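With this note's numbering, letter number 119 in the sequence shown gets 119, and the count goes up by one each step, no holes.
Calculated directly from the structure, the hints in this document are not laboratory data. This one's a predicted model, so the numbers in the text were calculated from it and none came from an experiment. Among the hints, a few may not be true.
As the list claims (entries may be wrong) - Distance windows between CB atoms, simulated:
1) D60 with A125: 20 to 30 Å
2) L244 with K44: 38 to 48 Å
3) E264 with I96: 39 to 49 Å
4) A41 with L255: 18 to 28 Å
5) R202 with S240: 10 to 20 Å
6) K223 with R202: 43 to 53 Å
7) T75 with E253: 43 to 53 Å
8) L256 with E100: 15 to 25 Å
9) S240 with D60: 23 to 33 Å
Claimed, not checked - With a Cα cut of at most 25 Å, we get these calculated SDA-like pairs of lysine to any residue:
10) K267 with S147
11) K219 with I101
12) K216 with T141
13) K89 with R168
14) K89 with R70
15) K89 with E39
16) K267 with R126
The beta-carbon is built from N, C-alpha and C at its ideal position, and this holds for glycine as well.
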Amino acid sequence: MELEGKSVVVTGASRGIGAEIAKAFASAGSRVVLSARSEGAISKLAEEVGGVAIPLDVNDPENVRTYIDRVESETGPIDILINNAGIEKSTLIEDITESEIEETLRVNLISPQILTASVLPRMLARGSGHLVFTSSIAATTGQPAMSAYCSSKGGLTRYAESLRMELRYTPLNVTILHLGPVDTKMWDQIDTDVLLKKGKDRFMKLRLMAVADPTKVAKATVKAVERNKKEVRLPRRMASNALLNGFSTRLFEALLTGIDVRQEGGKSPIQ
1 MELEGKSVVV
11 TGASRGIGAE
21 IAKAFASAGS
31 RVVLSARSEG
41 AISKLAEEVG
51 GVAIPLDVND
61 PENVRTYIDR
71 VESETGPIDI
81 LINNAGIEKS
91 TLIEDITESE
101 IEETLRVNLI
111 SPQILTASVL
121 PRMLARGSGH
131 LVFTSSIAAT
141 TGQPAMSAYC
151 SSKGGLTRYA
161 ESLRMELRYT
171 PLNVTILHLG
181 PVDTKMWDQI
191 DTDVLLKKGK
201 DRFMKLRLMA
211 VADPTKVAKA
221 TVKAVERNKK
231 EVRLPRRMAS
241 NALLNGFSTR
251 LFEALLTGID
261 VRQEGGKSPI
271 Q
């Protein structure tokens, strides 16, 4: 996809990966809409990149339901939606509260689906669009003390893969970011977490874990949208985990070649 002049919505854009992705798309000539709860932070960044700040609380169902309407009424059609907002929670299973489980699943899994379902018919009607989902290496395997996070990211990956299969015979594209640790404030918190530190130190010592640069993640995301790539796997040292985990999906997708499930469901073909 040519990015010059395209409208890009980035959720979770107030800091970390989201902020870097917003900067990278702005540098590529896109018109960036920044969303997050922190209105001050996204307003400041919007001014910096020449974008627009439209606040969004992805833990508020009503806020999420109306967000695509609000964005398109204020800025026009959305060409690229980047579902990046996310939270990470580390706790033992018997200690996690019901509200913490619900918040993790809503922010990481449910809200991206609602936003996607809202923008998708508009993209299909226009015959163009790209959807990006920030998932995690945690989607590929369970991890102790991260049950809610792993289940939310595992669900997000399966959702995005299913969406990609449904859209196979349309002009729309889907990219999944399978990311290991990224050098952000979120990683700083994990790095000192008593429940995760020993495991993290062991994997670092075995050189099975590395920390990715958020600017590198942002540049890879821009390139993936430009080239319609299905997946970004960073850091490279951990990429094989996502690659192996996705083998069954690639096999299943290959076996479905020639079957347009949208057409089977009564939808008109899109040229």
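Tested hints:
| no. | hint | result |
| --- | --- | --- |
| 1 | D60 with A125: 20 to 30 Å | holds, 27 Å |
| 2 | L244 with K44: 38 to 48 Å | holds, 41 Å |
| 3 | E264 with I96: 39 to 49 Å | holds, 40 Å |
| 4 | A41 with L255: 18 to 28 Å | violated, 45 Å |
| 5 | R202 with S240: 10 to 20 Å | holds, 18 Å |
| 6 | K223 with R202: 43 to 53 Å | violated, 33 Å |
| 7 | T75 with E253: 43 to 53 Å | violated, 34 Å |
| 8 | L256 with E100: 15 to 25 Å | violated, 37 Å |
| 9 | S240 with D60: 23 to 33 Å | violated, 38 Å |
| 10 | K267 with S147 | violated, 38 Å |
| 11 | K219 with I101 | violated, 32 Å |
| 12 | K216 with T141 | holds, 24 Å |
| 13 | K89 with R168 | violated, 34 Å |
| 14 | K89 with R70 | violated, 30 Å |
| 15 | K89 with E39 | holds, 23 Å |
| 16 | K267 with R126 | holds, 15 Å |
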